[in-house]
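Student: Single-letter residue listing:
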Amino acid sequence: MSGVTIRDLGKAFPKEDSTVTQALEGVNLEIGDTEFICLVGPSGCGKTTLLRIIAGLETATTGSVTVDGRAVIGPDPKRGMVFQEYSLFPWRRVIDNVAFGLEMKGIAKEERRRTADRYIEMVGLSQFRDAYPYELSGGMRQRVAIARALANDPDVLLMDEPFGALDAQTRNRMQKELLSLWEQTKKTIVFVTHSVDEAVYLANRIVVLSPRPGSVQEVIAIPWPHPRDRTSAEFAEVRRRVLRMIDETENSQ
Amino acid sequence: MNRQTQKRLLGVAALVIAAAIWQIIAEYVVGRSFILPSVTDVASAFVTLLESGTLVADIVVSLEHFGIGLLLDPIIEILRPIPPLAWIPFAIIWFGLTTQAAGFVIFVGAFFPILTATYTAFRSVPKVFVEAGKVLGCDTSFELIRYVALPAAIPAIASGIRIAMGVGWMCLVAAEMFGVSRSGLGYQLWHNYYLHQMPNVVVYMLILGLAGLIIDRIFRNYVDGQLLRWHAGEVA
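Protein sequences, first through last, are from chains A and B. The first sequence runs 1 to 253 under the numbering used here. The second sequence runs 1 to 236 under the numbering used here.
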């Protein structure tokens, strides 16, 4: 069981003139085990901040986040993170990037390489195991970043617009691959995106955040099985609904 | 009170005075904590960070800002602009006309480029690498430095060393010219000038240039080949 419970979460950033920017306020969300959640919302609504709080990279001002009943107090390899920008360590080969977390755990070289190899294979990059990140395309780098996060066997995989910098074609392929990884590993995934299309394609539930201060505006369950047909009428209908919701909240401010 | 404690008290007093000056400038001269935070601003921020709990890794940053950035920096900033060759008189007084004197001048010349490069290199480690390190299980600042910050900083440190070697080479020749030693390429160059043996002077000039070039190339090949395979393909 790897559920995430977010209760009454608020985050304020201090500003120069000693006032504060309230980024998040009263966020309540219950994420179930093995669920695929997408966070969407107008820009500046704090969706990335929310993800970073779950990761432990930011601390909430009020409220709490618990994973499996344990409160989040700082970064932990049990919560894997894939960043939007390229975060692979350029001085390490693909294999050693993926094995990094295991190395930090003190696992012996032989064993961690074996584990890393398995995850590299899972993302289809076996022939690049000894390459350096600069030799890889953007899509490949993000696949390695996903493998690196998965190698720690996290309870939850947090993804911050991981495909935002990729071209449309690569992006579509990566979404398909991510779904297959999700089905294989049964991880809970929290995925931040500004692409409503991506959210409707991937998520079990889409969480729409309101503009700053962000809070949960609406949760839309999408019960359809994968793979989904982007061109279907019902897909377009849900996409339109979500887009309208984001538009309305944005304009009401 | 013995000499040791006296020394220590003097050190503490110096720090207190420095902090007071800083506080006064920040509060009454600059007046905006955005431009120059005062001592008290910094102290209260420190407490807030301490309470927030994620400080373990932030300590790396705090140490940098607090320790190096704000206490060592003024001293360095005063010493750094002194041209290394200006140290030659003291090099001779302290070490005599010896190899150590030449070595000292070279050390002074090479020290600051390396220090500045290292400092800048650590400061410009991309935040995302540090955060990736944290979420992947680096839970002490030592681990973050050892496995993330240092490897990320090495290319910039290496180029600082390269610059330092150029400066060092310059200092060597000048130190020898000023009579720090009684032999050596720089000494001979100057000596031959006195003898008006200009062809010899040119020979020494060319040898100096060539030797500098070779040293630089050897270093660069070593760094590029050994340390920085991963850096290939980037501009440098």
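Derived from the structure by calculation, the hints contain no laboratory data. Glycine included, each C-beta is placed from N, C-alpha and C at the ideal position. You may find that some hints are simply not true.
With the Cβ distance kept under 7 Å, some of the chain A side facing chain B (calculated, not the full set) [said to hold, decoys possible]:
#1 12
#2 16
#3 30
#4 72
#5 75
#6 83
#7 87
#8 100
#9 101
#10 106
#11 107
#12 125
#13 128
Student: Does each hint hold? Answer for all of them.
Tutor: Hint check results:
1. 12: Status violated, d = 12 Å.
2. 16: 5 Å, holds
3. 30: This hint is violated: residue 30 of chain A lies away from chain B, its Cβ roughly 23 Å from the closest one there, beyond 7 Å.
4. 72: 10 Å, violated
5. 75: Holds, about 4 Å.
6. 83: 5 Å, holds
7. 87: 4 Å, holds
8. 100: Interface hint status for residue 100 of chain A: holds (5 Å vs cutoff 7 Å).
9. 101: Interface hint status for residue 101 of chain A: holds (4 Å vs cutoff 7 Å).
10. 106: 10 Å, violated
11. 107: It is violated, given that the least Cβ distance between residue 107 of chain A and chain B is near 11 Å, above 7 Å.
12. 125: 17 Å, violated
13. 128: 14 Å, violated
Going down the numbered hints, you'll see the structure goes against 1, 3, 4, 10, 11, 12, 13, while the others check out.
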